[in-house]
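Since the structure of chain A is already known, use the hints to place chain B on it.
Going line by line, the protein sequences match chains A and B.
Under UniProt numbering, the first residue of the first sequence carries the number 1, and numbering increases by one thereafter.
Under UniProt numbering, the first residue of the second sequence carries the number 1, and numbering increases by one thereafter.
Read the hints as simulated data drawn from the structure, not as lab findings.
One thing to keep in mind: the hints can contain errors.
Claimed, not checked - Pairs of lysine-lysine residues, derived as DSBU-like cross-links and limited to a Cα-Cα distance of at most 35 Å, are as follows:
| # | chain 1 | residue 1 | chain 2 | residue 2 |
| --- | --- | --- | --- | --- |
| 1 | A | Lys346 | B | Lys171 |
| 2 | A | Lys235 | B | Lys408 |
| 3 | B | Lys48 | B | Lys101 |
| 4 | B | Lys408 | B | Lys388 |
| 5 | A | Lys346 | B | Lys176 |
| 6 | A | Lys344 | B | Lys172 |
| 7 | A | Lys173 | B | Lys173 |
| 8 | A | Lys170 | B | Lys48 |
| 9 | B | Lys138 | A | Lys169 |
| 10 | A | Lys170 | B | Lys101 |
| 11 | B | Lys173 | A | Lys84 |
| 12 | A | Lys168 | B | Lys173 |
| 13 | B | Lys388 | B | Lys138 |
| 14 | B | Lys101 | A | Lys169 |
| 15 | A | Lys44 | B | Lys388 |
| 16 | B | Lys48 | A | Lys389 |
| 17 | A | Lys170 | B | Lys138 |
| 18 | A | Lys346 | B | Lys138 |
| 19 | B | Lys149 | A | Lys290 |
| 20 | B | Lys101 | A | Lys389 |
| 21 | A | Lys344 | B | Lys101 |
| 22 | A | Lys170 | A | Lys103 |
| 23 | A | Lys290 | A | Lys44 |
| 24 | B | Lys176 | A | Lys169 |
| 25 | A | Lys346 | A | Lys173 |
| 26 | A | Lys235 | B | Lys172 |
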Amino acid sequence: MEEESNVTSSPSTRLRHRKRSSTTEAVLDGNPSPLLVNDQNKYKSFMVRTYSTIWMIGGFVMVVYMGHLYITAMVLVIQIFMAKELFNLLRKAPEDKCLPGIKHLNWHFFFTAMLFVYGRILSQRLANTVTADQFLYRLAKMGHDPLLSSDTLIEYIAGFMWFILTLKKKMYKYQFGQYAWTHMILIVVFTQSSFTVANIFEGIFWFLLPASLIIINDIFAYIFGFFFGRTPLIKLSPKKTWEGFVGASVTTIISAFFLANIMGRFPWLTCPRQDLSTGWLQCDADPLFKPEPFTLPAWIPGWFPWKEMEVLPVQWHALCLGLFASIIAPFGGFFASGFKRAFKIKDFGDSIPGHGGITDRMDCQMVMAVFAYIYLQSFIVSQSVSVDKILDQILTNLTLEEQQALFTRLGQMIGYS
Amino acid sequence: MHKENTGDAPSAPTPRVLHHRKRNFDAVAGAGKPNGSHLLVNDKSKYKSFLIRAYSTVWMIGGFALIVYLGHLYITAMVVVLQIFMARELFNLLRRTHEDKQLPGFRLLNWHFFFTAMLFVYGRILSQRLVNTVTPDKVLYRLVTSLIKYHMAICYSLYISGFVWFILTLKKKMYKYQFSQYAWTHMILIVVFTQSSFTVANIFEGIFWFLLPASLIVINDIFAYICGFFFGRTPLIKLSPKKTWEGFIGASITTMISAFLLANIMGRFLWLTCPREDLSTGWLQCDPGPLFKQETHALPGWISNWVRLDTVQYWNSYTSNLHCFLNGKRRFTLQLPWKEISVLPDFGDSIPGHGGITDRMDCQMVMAVFAYIYHQSFVVPQSLSVDKLLDQIITSLTLEEQQALFTKLGQMLQEVIGS
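Here chain A stands alone, though its shape is the one from the complex (with noise of 0.2 Å):
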């Protein structure tokens, strides 16, 4: 699967590309049975695929390799290329030479958007990386307000005043429209590139596991169709079927358990960056990566070779995450379909040749990435934290009159005051 830089564009959704290239060519033919075991073409194209497949991946895994920073860079060009397609889908030609300007203020928006977004992911990090230098320190702690940082709220009532000076009569609508579209579009941009980013600054691992579940998925959905698949599976995407989706749900499930043993052992995939440097990374291992031995419960049959595993604790989460990667997560990949279904789209853009744009790849991963952000901050991050970690951390982050503040409200809090 070509991982397309950090981007959760798995190749997984470039496999259901290549289903849907076929389907719309059987579709076109008046092919009743457009399932991909009865294409002609499938080897041929297989091969072009798996070409371009290797290449993606061996980007992937050098921009990983290169750290942090690189990854969360390709992110954003990816976000951008995204954005770019996406505000160009429903714009209409004629309706726009009326209204100059008007693509300018959707990227005012994405620059609203970028600024409060990484304003807050990053402020802390940058905080730390800056923190030799008084005035960038102070700058960067300017974006750093929990709900909404002023700055980002007034450019954004900038742009919104922009959009109601240039409003034209009998324009109203598609204005209106292209208003819509572009918080739309920007939220599930955003949304799940935040996600993306927040999860590689608390390791690679965070990022890397869940979009390789998806393209495991996906590449073992197209395998298990390819060889098996009869059933169809959902009428918004004729090509998929139920073998492949429960061969690919198996498969996915148990290589999370085994990806996620791997891929723990890497201090510089577990490690969490608590700055912007590049350098290597040092930190003392999580509980949740440190081996511990683990007996196979009885019933498993006798000619099984082994009884005791060393198993990470994370590998069992891995385990959760695999399952949504496999049942949940190409609901993505229906909604992009159904979207260009909807719209009469054949590809969300042409940036990649023959496999369509950016869109295309990421449809699944988006819903992923969210869903790996939030089951590490519900699930995981909490438990790391102990009684003497925010101790520290309320001694160096604190004020003696903030801690005074912290010490009296915890105490109203838990009754002791």
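Just chain B now, with coordinates in the frame of chain A:
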């Protein structure tokens, strides 16, 4: 200003009514008429409608004042009620009954997302206060903290189930309609919940921070109407033919002055200025903070007396007015384009003679956001790290761990102070 008890709905009911009054005339007199001089000044039947509106205004102000008197929780409840009505109006706006018949359960999906958004937004804003409310009871405390810990996961699961539900109900040939409805639902929920969440956040910082912005919008509207009524000659903007420059400028000046004076009046009441730390409804005691303490300012020489003023008045009046000033334009423009698009006279018909709730709320939405941001940036001392750490403490530590942390921190602080 008819302050509808739209509760805390950030929309100042009052200005809405005036808006609506003006809009009605627009719709009736302006629709299709190329005549540019259908300003309010020239309208003959204006005096009659003026009286009708004034009457309902008084009723709404009375109701609103009652709710404010009752307190934070009741105001929040009214915000929620208003939200529901607004969402309902907006959901119905672009719905086409023909398609809807073929899609049973599709409307339910909208409400599912509405409920999810409600849980998410209010969970975040009120989590700290909820924790403070259940402090005495250990069992409830544990329950509440674990709910807060998994709050995001719960909301996300609800959202994903809605998403999956949506995909599974996609019907051939209805794709475009369904996707449009899906996007429309999201836009509506964002608009409705952004402003109402800011409003509720403002309320719990102190009713003052909700009441003052709301009143300013109302005053701005009333005086824009009055000035336009008597002096309006020059049209303001193509989108709203009845708005005039005279009304606009007159209202701005009046609003600025009233902001200054209103802040003084409101700042004297503890009920309005104290933040509410929990979800109780009883009386409030607090130290109002330096912002509400009186300082003397010697006015420039041409005013002979000194006048006692609250510091907050200066800043608030300038910026709020600037915002009302800018708001004026936006308000009008928001309303009319929608009407043209959907060929509707109003957003709804909840309020007899005044159109719907959204008609009432359009300006207040922008104002509520601004008031919150202003408050957070310039008024409240930044205690972000403390809040963040407290959040972490609530969600990540068990009760015993929190108590241990408390003891240890206490010891450390004693040492530091003692040394």
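For each hint, the structure was consulted:
Using a Cα cut-off of 35 Å, the hinted pair Lys346/A and Lys171/B holds, with the two alpha carbons roughly 19 Å apart. Note on Lys235/A and Lys408/B: the hinted pairing is violated, with a Cα-Cα distance of about 61 Å set against a maximum of 35 Å. Taking the CA atoms of Lys48/B and Lys101/B, the gap is near 43 Å; set against the 35 Å cutoff, the hint is violated. For the hint pairing Lys408/B with Lys388/B, the CA-to-CA distance comes to about 19 Å; that is within 35 Å, so the pair holds.
This hinted pair checks out: Lys346/A and Lys176/B have alpha carbons roughly 15 Å apart, not beyond 35 Å. For the hint pairing Lys344/A with Lys172/B, the CA-to-CA distance comes to about 13 Å; that is within 35 Å, so the pair holds. As the CA atoms of Lys173/A and Lys173/B are separated by approximately 23 Å, the hinted pair is consistent with the 35 Å bound. Restraint check for Lys170/A and Lys48/B: satisfied, since their Cα atoms lie roughly 34 Å apart, inside the 35 Å limit.
A distance of roughly 61 Å separates the Cα atoms of Lys138/B and Lys169/A; the hinted pair therefore is violated under the 35 Å criterion. Among the hinted pairs, Lys170/A with Lys101/B is consistent with the structure: their alpha-carbon atoms are about 31 Å apart, no more than 35 Å. Only pairs whose Cα atoms come within 35 Å are accepted, and Lys173/B paired with Lys84/A is accepted, the gap being roughly 28 Å. Restraint check for Lys168/A and Lys173/B: the C-alpha separation of about 32 Å stays at or below 35 Å, so the hint holds.
Under the criterion of a C-alpha separation no larger than 35 Å, the hint pairing Lys388/B with Lys138/B is consistent with the structure, at around 23 Å. Between Lys101/B and Lys169/A the alpha-carbon distance is near 34 Å, which keeps this suggested pair within the 35 Å criterion. This hinted pair does not check out: Lys44/A and Lys388/B have alpha carbons roughly 56 Å apart, beyond 35 Å. This hinted pair does not check out: Lys48/B and Lys389/A have alpha carbons roughly 70 Å apart, beyond 35 Å.
Between Lys170/A and Lys138/B the alpha-carbon distance is near 62 Å, which puts this suggested pair outside the 35 Å criterion. Using a Cα cut-off of 35 Å, the hinted pair Lys346/A and Lys138/B is violated, with the two alpha carbons roughly 58 Å apart. Between Lys149/B and Lys290/A, the direct Cα distance comes to roughly 25 Å. Compliance with the 35 Å bound is thereby established for this hinted pair. Restraint check: the Cα-Cα separation between Lys101/B and Lys389/A comes to about 57 Å, which exceeds 35 Å; the hinted pair is violated.
About 24 Å separates the Cα atoms of Lys344/A and Lys101/B, which keeps this hinted pair within 35 Å; it holds. Restraint check: the Cα-Cα separation between Lys170/A and Lys103/A comes to about 19 Å, which is no more than 35 Å; the hinted pair holds. With a C-alpha separation of about 45 Å, the suggested pairing of Lys290/A with Lys44/A is violated against the 35 Å cut-off. Taking the CA atoms of Lys176/B and Lys169/A, the gap is about 26 Å. The hint holds against a cut of 35 Å.
Restraint check: the Cα-Cα separation between Lys346/A and Lys173/A comes to about 25 Å, which is no more than 35 Å; the hinted pair holds. Between Lys235/A and Lys172/B, the direct Cα distance comes to roughly 8 Å. Compliance with the 35 Å bound is thereby established for this hinted pair.
Figure legend: structure checked against the earlier numbered hints; hints not met, in rising order: 2, 3, 9, 15, 16, 17, 18, 20, 23.
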